[in-house]
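Chains A and B, in that order, are what the protein sequence lines are. Residues 1 to 272 (my numbering) make up the first sequence, in order. Residues 1 to 293 (my numbering) make up the second sequence, in order.
Calculated from the structure, these hints are not laboratory results. Mixed in with the good hints, there may be bad ones.
Claimed, not checked - Computed, partial: chain A to chain B, Cβ under 10 Å: (1) T69; (2) L117; (3) A123; (4) R136; (5) G139; (6) L178; (7) A182; (8) F186; (9) T220; (10) Y221; (11) P223; (12) S227; (13) S236; (14) Y237; (15) T240.
To be verified - Looking from chain A toward chain B, a few residues come up when the C-beta cut is under 8 Å (computed): (16) I114; (17) L118; (18) I218; (19) N222; (20) M239; (21) E241.
Claimed, not checked - Okay, the calculated beta carbon distance ranges per label pair: (22) A:A52 - B:T283: 45 to 51 Å; (23) B:E101 - A:A52: 49 to 55 Å; (24) A:A34 - B:F142: 56 to 62 Å; (25) B:S210 - A:A45: 48 to 54 Å.
Backbone N, C-alpha and C fix where the C-beta goes; we use that ideal spot for every residue, glycine too.
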Amino acid sequence: MTDGNRSGFSAVSRSIITIIVALLASLFLLFIVAPVLGLVSSGGARGLASLATDHELRASLWLTAATATIATILGMIGGTPLAYLLARRPFRGRAVVAALMDLPLVIPHPVAGIALLLVLGRASPIGGVLYQAGMRVAGSSTGIVCAMLFVSAPLYVSAAREAFARVDARYESVARTLGDDAWRAFRRVTLPLSARGLTAAAVVMWARAISEFGAIVILTYNPKVVSVLSYDRFTSYGMTEALPVAAVLVLFALIPLAALRALRAGGPYPSR
Amino acid sequence: MLGIVADTLIIYVAASLTRPIQPVLDTFSARTGIVVQRESGASLEHVRKITELHRVPDLLLLADVEVFPQLLVPRYAAWYAEFARNRMVIAYTKRSKHAAEINRDNWMEILRRNDVEVGRADPDLAPVGYRTLIMFQLAQRFYRIPGLAKSLVDCAPKRNIRSNAGALAVLLAAGELDYIYDYQSVAESNGFSYVPLPDAINLGDPSRASEYAKATVRVRGSVPGMQTELKGQPILYGLSEPLRAPHPSAAAKFLAYLSSPEVVKQLRAAHVDMLDRPIVVGTGAPAGLRTPK
Chain A
1 MTDGNRSGFS
11 AVSRSIITII
21 VALLASLFLL
31 FIVAPVLGLV
41 SSGGARGLAS
51 LATDHELRAS
61 LWLTAATATI
71 ATILGMIGGT
81 PLAYLLARRP
91 FRGRAVVAAL
101 MDLPLVIPHP
111 VAGIALLLVL
121 GRASPIGGVL
131 YQAGMRVAGS
141 STGIVCAMLF
151 VSAPLYVSAA
161 REAFARVDAR
171 YESVARTLGD
181 DAWRAFRRVT
191 LPLSARGLTA
201 AAVVMWARAI
211 SEFGAIVILT
221 YNPKVVSVLS
231 YDRFTSYGMT
241 EALPVAAVLV
251 LFALIPLAAL
261 RALRAGGPYP
271 SR
Chain B
1 MLGIVADTLI
11 IYVAASLTRP
21 IQPVLDTFSA
31 RTGIVVQRES
41 GASLEHVRKI
51 TELHRVPDLL
61 LLADVEVFPQ
71 LLVPRYAAWY
81 AEFARNRMVI
91 AYTKRSKHAA
101 EINRDNWMEI
111 LRRNDVEVGR
121 ADPDLAPVGY
131 RTLIMFQLAQ
141 RFYRIPGLAK
151 SLVDCAPKRN
161 IRSNAGALAV
171 LLAAGELDYI
181 YDYQSVAESN
191 GFSYVPLPDA
201 INLGDPSRAS
211 EYAKATVRVR
221 GSVPGMQTEL
231 KGQPILYGLS
241 EPLRAPHPSA
251 AAKFLAYLSS
261 PEVVKQLRAA
271 HVDMLDRPIV
281 VGTGAPAGLR
291 TPK
């Protein structure tokens, strides 16, 4: 076989591979996009129109947005230092802590709801104190925030850890040699350089939080977040009433996802 | 066991029946080699899976026999059979507040105390939820306490409502609630203590049907914005084999097994109050189920 033959053969096989890859990518895209498009096209217009009259849906959207935002802020406050430690400071048991942080992702969501109830419910030591202080977890928006935080914070910590890891540690060292203390170096160097990654992590956490159903329905059935409301409408009235609610949620989730894409479109990370 | 490819039985079971029926399904599967796929949930949720998603099971066991004529017959099922009774109770655990003093004479007073958390199921979604409201009205008449029904509703507030009997039982077991209104079979199969209620109000006595029917409750209808009125009725579990069930022979085998004296005895021991013979409504039910004329 000559070289020319060989290169002709690889050109053919390359184009075959290209076709297969394109076909697989298209099929995959269709698999993801078709259900979403179907949902929005069959329920979107009615859902948006019903926003004017459907008080329950409006209240539910507002509740979902507010609780997901609070959960995300709490996730950022608690998760950012943890993500930084995991990315920067080698300590004994770091791998164990990292694995522990991923655990909520593998727990089936109704089980997560029950687990939270056992720790934060009225009968538990912590929940008992909160209850005495007049703060209920189950059956309140606090319960919704707890459920959202538990299931979505691991996504934030994992992405935030990656964002910190992408910042070259030498920049911090330079700031330290120029006289900055550790906190100042973090605030002036690492945080600005990882800000885009942290924001993206927060957006993913927020999006995951608004979609949560299984853990929330155990902890707080009323007041109803959008996921619980769409289940309620499906069971009570069937698909025609559930689709608009779900479609509005999808349209509503487009806001943070579009924001995420806009951020990413800003170019490569400044650390690179 | 007999064939090369195992036969399958798809069965949808009301949440409140899951615990007692599971051992029956396991034994059936072990004896026949038929693979049982059981789905458990709120009765209305099962109905929607059939009518909206067209996921048709071989058998459907529901907590409220009325669901069949209202939503399934004749379009999705040709017949249904009443097969077990149940009654409303007030379930609690050892650590529930005032557990030591509650009894069938003072429950109305204890459940209205400020330090007690009482739960109930959503009347719009679960039969046990609207039956709770019916029971409140019957209790108001029976005990002759004006305003009792409304104050019992107020004492089981929205935050303590869940979508079905199973979710309520989780909250009681976790100590989040002190008392829940639920079926006797659920209380017994979960190992909860319970306050039995008089037959005049517990919806468990078929001979008192006309008495129960004096209480009515308005719940959400099947069209948004509409309400529907439900009358008090004795609690009866119903089963059916929907039209276009994918494995009719497996369904027939299981129905025969379910009606056998051995299984009726086993279910009674598991606190399901089985009728002596199923009462069939409609046509086309397997011969073993049909009530002799």
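Structure-based check of all given hints:
Restraint check, T69 (chain A) versus chain B: the minimum CB separation of about 22 Å is more than 10 Å; hint violated. Evaluation of the L117 (chain A) hint against chain B yields a held restraint, the C-beta minimum of about 5 Å falling below 10 Å. For the restraint placing A123 (chain A) at the interface with chain B, the shortest Cβ-Cβ distance is roughly 3 Å, inside the 10 Å limit, so the hint holds. For R136 (chain A), the interface hint holds, since its Cβ comes within 10 Å of a Cβ in chain B; the closest pair sits about 7 Å apart.
Restraint check, G139 (chain A) versus chain B: the minimum CB separation of about 3 Å is within 10 Å; hint holds. With a cut of 10 Å, the hint placing L178 (chain A) at the interface with chain B is violated, because the nearest CB-to-CB distance is about 55 Å. The beta carbon of A182 (chain A) is not positioned within 10 Å of any beta carbon in chain B (closest approach about 43 Å), and the interface hint is therefore violated. A least Cβ separation of about 41 Å between F186 (chain A) and chain B goes past the 10 Å threshold, and the interface hint is therefore violated.
At about 8 Å, the closest approach between the beta carbon of T220 (chain A) and any beta carbon in chain B falls short of 10 Å, and the interface hint on this residue holds. Evaluation of the Y221 (chain A) hint against chain B yields a held restraint, the C-beta minimum of about 5 Å falling below 10 Å. Satisfaction of the interface hint for P223 (chain A) is found here, the shortest Cβ-Cβ separation to chain B being roughly 8 Å, below the 10 Å cut-off. Below 10 Å, beta-carbon pairs count as interface contacts, and S227 (chain A) has none with chain B, the closest being about 13 Å; its hint is therefore violated.
With a cut of 10 Å, the hint placing S236 (chain A) at the interface with chain B holds, because the nearest CB-to-CB distance is about 6 Å. Because the beta carbon of Y237 (chain A) sits about 6 Å from the nearest beta carbon in chain B, less than 10 Å, this interface hint is met. Contact between T240 (chain A) and chain B, as hinted, is supported at the beta carbon level, the nearest pair being about 9 Å apart and thus within 10 Å. Look at I114 (chain A): its Cβ gets to within about 6 Å of chain B, closer than 8 Å, so that hint holds up.
The interface hint given for L118 (chain A) is met, as the beta carbon of that residue sits about 6 Å from the closest beta carbon of chain B, less than 8 Å. A cut of 8 Å between beta carbons decides the hint on I218 (chain A): the least distance to chain B is about 6 Å, and the hint holds. For N222 (chain A), the interface hint holds, the least distance from its beta-carbon to any beta-carbon of chain B being 4 Å, beneath 8 Å. Interface hint status for M239 (chain A): upheld, as the beta-carbon distance to the closest one in chain B is roughly 4 Å, under 8 Å.
Given hint, E241 (chain A) at the interface with chain B, holds; its Cβ is 6 Å from that chain's nearest Cβ, closer than 8 Å. Our hint of 45 to 51 Å for A52 (chain A) and T283 (chain B) holds, since their Cβ atoms are close to 48 Å apart. One distance hint, 49 to 55 Å for the beta-carbon pair E101 (chain B) and A52 (chain A), holds here, with the actual separation near 52 Å. Under the hint 56 to 62 Å, the C-beta atoms of A34 (chain A) and F142 (chain B), about 57 Å apart, fit the expected range.
At roughly 49 Å, the beta-carbon separation of S210 (chain B) and A45 (chain A) lies within the given 48 to 54 Å, and the hint holds.
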